[in-house]
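Spelled out from the first residue to the last, the chains are:
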Amino acid sequence: MTGQSSVGWVDIVVILAYLFATGYLGWLGYRGTRSAADFLVGGRSAHPIIMAVSYGATFISTAAIVGFGGVAGLFGMSLLWLTVLNIGVGILIAFIFLGEPTRRLGHHLGAHTFPELLGQRYQSRGIQIFAGALIFLFMPLYSAAVMTGGSIFAATQFGIDFEVALLIFALITAAYVIPGGIKAVMYTDTLQGFVMVFAMIFLLIFTYMSLGGVTEAHRTLTDMADMVPAPLAQMGHQGWTAMPAFGWGATTYDLWWTVITALVLGVGIGVLAQPQLVVRFMTVRSRRELDRAVPIGAVFILLMVGTPFVVGSLSNAWFAQNGPLLQGKVVEVIDAEKDRALVELMQKGESGTWTPIISPKTQAPARAPMIIGERTSAQDGDGATFELVAGRSIAATYTKGDADKIIPAFIMAAMPHWFGVIFFLALLAAAMSTMSSQFHTIGTAAGRDLYERIAEKGHQREPSILVMRLAIMIGLLIAVTISYTVRQEYVIARFTAIFFGLCAASFLPAYIGGLVSKRVTRAGALASMTVGMSVSLFWLAFIKAREASAIGLVQMVTDGKTSLLAEYPNWPSVDPIIIALPASLLTLILVSAVTRPPDQAHLRRCFPD
Amino acid sequence: MLGIDDPYVLMAYLGAISMAVIGIIYGLVRRNAARDEVTPEDRLWALDEKKVDDDV
Chain A
0 MTGQSSVGWV DIVVILAYLF ATGYLGWLGY RGTRSAADFL VGGRSAHPII MAVSYGATFI
60 STAAIVGFGG VAGLFGMSLL WLTVLNIGVG ILIAFIFLGE PTRRLGHHLG AHTFPELLGQ
120 RYQSRGIQIF AGALIFLFMP LYSAAVMTGG SIFAATQFGI DFEVALLIFA LITAAYVIPG
180 GIKAVMYTDT LQGFVMVFAM IFLLIFTYMS LGGVTEAHRT LTDMADMVPA PLAQMGHQGW
240 TAMPAFGWGA TTYDLWWTVI TALVLGVGIG VLAQPQLVVR FMTVRSRREL DRAVPIGAVF
300 ILLMVGTPFV VGSLSNAWFA QNGPLLQGKV VEVIDAEKDR ALVELMQKGE SGTWTPIISP
360 KTQAPARAPM IIGERTSAQD GDGATFELVA GRSIAATYTK GDADKIIPAF IMAAMPHWFG
420 VIFFLALLAA AMSTMSSQFH TIGTAAGRDL YERIAEKGHQ REPSILVMRL AIMIGLLIAV
480 TISYTVRQEY VIARFTAIFF GLCAASFLPA YIGGLVSKRV TRAGALASMT VGMSVSLFWL
540 AFIKAREASA IGLVQMVTDG KTSLLAEYPN WPSVDPIIIA LPASLLTLIL VSAVTRPPDQ
600 AHLRRCFPD
Chain B
0 MLGIDDPYVL MAYLGAISMA VIGIIYGLVR RNAARDEVTP EDRLWALDEK KVDDDV
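The listed protein sequences correspond, in order, to chains A and B. Numbering that gives the first Met the number 0 puts the first residue of the first sequence at 0, with every later residue one more than the last. Numbering that gives the first Met the number 0 puts the first residue of the second sequence at 0, with every later residue one more than the last.
Derived by calculation from the structure, the hints in this document are not laboratory data. Some clues are possibly wrong.
Partial list, derived from the structure: chain A residues whose beta carbon lies under 10 Å from chain B [what the hints assert, rightly or not]:
| hint | residue |
| --- | --- |
| 1 | 78 |
| 2 | 81 |
| 3 | 83 |
| 4 | 250 |
| 5 | 252 |
| 6 | 287 |
| 7 | 302 |
| 8 | 550 |
All residues carry an ideal CB built from backbone N, CA and C; glycine is no exception.
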């Protein structure tokens, strides 16, 4: 890390004031019109800004800002393709093509949750239970990603342990979601959205200004391509303003397949089938309200995901110019003219001699690319004289290779302290608005979609509030446990990508098919969901090396290999969505083609127009 | 252009901005194009939704 900070009393006062303001707004809203449903009941229209920012605040979380921003710090601006998809797919396609059909279908069928929408559309209790179970089981993974993002930032900013930060974050979340914050209080969401907007605009402008302007900042980063660490270069990293090398059949293309299939496509497409976002369309008053929300939503997402991806990448240039000085011994000259070298990092011992810093990952002396600023003579542990160099390096060097810490480390090192507190509030806002809808979805999945449907047996039951509350608490505990135990390379982005990809493969064909086609059958939808989920989980457990090796099953069946396809380059880097989504779509089409079409009376209810 | 040499990354950088601009234009053009009415069915749905919200 780049330095130490601490929690000052001013920080605490500012944070408490913000929490009280949020609570007060929530309470004010609680007394009157507060949720989208209230607006609809009252026959009034929520302002498009409120609708769009509230949707965006649910969409964007600490996972996007800290997790994916950090991945951009590691892999570079190729991640901006995810911003293109986030706006193009997550806003334009979702609002323009799916919003209105979803709203209408949900209202015709009286559906209130995403699993209920699918279940009612296909007249299948099994489909609703299936979808509810999948959400209940896997949504905590996404919540854990959000929680980890916030906790890492708090730990860095305030100089406290990650475990302490996680505990505080979990308590704040519990205080927010359990007593009633899980309601979609649109004004509170909107306040949180505005805090996020301010933080992102300031961050973007400050970063570009500190690097001499837009073009100059990009140019500096482009000129640093030779400083890409060797392990990343071997995967196909060609610089922070360049796409990874594209091709098939060699490990030098692995990074392209990781970035594009897992991070860009997995999350970019997966957003369409996010249960907590789909239900938002049903609370919208009309098509006109959806249309009016598009511009604000598009700009909001551009700021929320575009900024961290650009800033994450540019943090490399900032650290190379302004980062704390590092010392070491030249191992290999990268560019003699620009005085860049691969350096074995060293630290000064109590005896005044210099010893190598051991990397905790490799248990070997840590090496990093460096722009050398000073050269002096020094003595190593054996008393031999050597040339000690001092200089600055890329962002990942300062975070010991941990991508999740790049954004927190950059904010801490580059920005004024007061901004760190504001940014923390923005992250808290982003986390709370997302987690409130995540836990609401977990609660309704358990109570309404699982408990009620399983216990139903043909007669109507009242919703089980106790089950919902219990499910929210269980979900919270699982998320905290995952955050506490799993701390691996860019885990925030990976957890998010896994959940988004799983939702896309399992739900997307059945969801869109149910909206636009009268020919899709119950058997087709159920088969498609089963195939999508099964292929995704199989791929994660046995093929995709990073996830499979962490799960551990594949080592048991292959005597220690990390993938069933370990011998075939690139396959272990391909994301499940590339295989599972087409398989799920094909299954939907084929099974629907050979099974009996839905009855006409039901179709007339779904599509009366 | 803009200090980014790789055309695909430049395309993504400008593409993201373009998507937002398309969104703005769409919103302006369609501002009053669609109907804005709340049907009895919509209101019934919202009452049911509010009940679940209030219960939780």
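Hint by hint, here is what the structure shows:
1. 78: Holds: closest Cβ of chain B sits about 8 Å from residue 78(A), inside 10 Å.
2. 81: For residue 81(A), the interface hint holds, since the closest Cβ of chain B sits about 9 Å away, which is under 10 Å.
3. 83: holds, 4 Å
4. 250: violated, 21 Å
5. 252: Status violated, d = 15 Å.
6. 287: Holds, about 4 Å.
7. 302: Cβ of residue 302(A) sits 9 Å from chain B, so the hint holds.
8. 550: violated, 32 Å
In summary, the structure is inconsistent with hints 4, 5 and 8 from the numbered list given earlier, while agreeing with the others.
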